[in-house]
Amino acid sequence: MDLFVVAATCMAVLFLAFPLYADGQSCSKAERASGQPAKVETSVEAANKEGSELPVKALESKPVIKREKREAPVKAVASEALPRQEKGSKQSEAAKADADDAHAVQQISVDIEGLKTRLQETDAIGVFTKLAIRSDILDLVAEINRHRKKNRLEQKITEMRASFDGLLLKMVALLERDPDLSRDLYVSRESIWKSLLEVKV
Amino acid sequence: MKRFLMVLLAVMFMVPAAHAVTKAEDIATTIMLRGYACPGRTVSNISEREDARGNKTIQATCADGARYQINVSADGRVTVQRLN
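Quick mapping for you: the protein sequence lines, in order, are chains Z and H. The letter at position 76 of the first sequence is residue 76 when you use this note's numbering, and the numbering goes up by one with no holes. The letter at position 9 of the second sequence is residue 9 when you use this note's numbering, and the numbering goes up by one with no holes.
Honestly, the hints are just simulated from the structure, not real lab data. For glycine and all other residues, C-beta sits at the position ideal for the given N, C-alpha and C. Just so you know, not all the hints are guaranteed correct.
Just a few of them, taken from the derived set where beta-carbon distance is under 10 Å, the chain H residues facing chain Z [said to hold, decoys possible]:
no. : residue
1   : R3
2   : D26
3   : I27
4   : E50
5   : I70
6   : V72
7   : G76
8   : V78
9   : V80
10  : L83
Go ahead and model the full structure; you've got the sequences and the hints to work with.
Following this line, the structure appears as structure tokens:
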């Protein structure tokens, strides 16, 4: 009887575990197949409500973009007809926006550290796979720095970005068992690319 | 009580088994990351040795019979070479 209970529990756990994993897998595959970042961001918003770390910062960078889009037509009107006082208020708003941007940049840098930690701790990929990915990243950074020393980085930046995108897609595909981390990596790819360009060593 | 403990133990052992990556899968993924084919995404006949400098050498056979050597240097660099 006890054995029956254990066997039934194991079956129940397997039944509960694999559909969850299958859902995450099909979700990430669908996202990759559709290639629509807007859907990814909405799912990030949902994750943000649940309290994950990275999407918070990814979302905080989004209003900056929206604000720039809103300000552009307003600035065009101001240069034509608005009085000087309003221009002054616009400048103070611009200064506030710059301060917000600086704050967002700081948070993005914190995000990347968090991503590193999560990559190191995830069980979705093994130790050798992590080391292989690390080797690839170090090779890419070394190549970027080599081109920078020869002052050819601007010419080769497209190739470097293509290599980075390929590497990121590999990581996203490998992390199919950790869909949250996979999605966060994909969403913050621009921040990762910028941080890679900043690495001097 | 005894039944509850058995159920708890079963859950504890079954959930990690459903999500963890085995060493064979890890090695096969590493081989594929270096551009080699490893059908089945798993390997067999794994042999592993480490020298005094900390360099690790792993040999494994993929499902199609191809045997690979994975070298992990002490600083964490990974290279793969086919043996046959």
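Hint check:
| no. | hint | verdict |
| --- | --- | --- |
| 1 | R3 | 6 Å, holds |
| 2 | D26 | 3 Å, holds |
| 3 | I27 | 6 Å, holds |
| 4 | E50 | 13 Å, violated |
| 5 | I70 | 7 Å, holds |
| 6 | V72 | 6 Å, holds |
| 7 | G76 | 5 Å, holds |
| 8 | V78 | 4 Å, holds |
| 9 | V80 | 8 Å, holds |
| 10 | L83 | 17 Å, violated |
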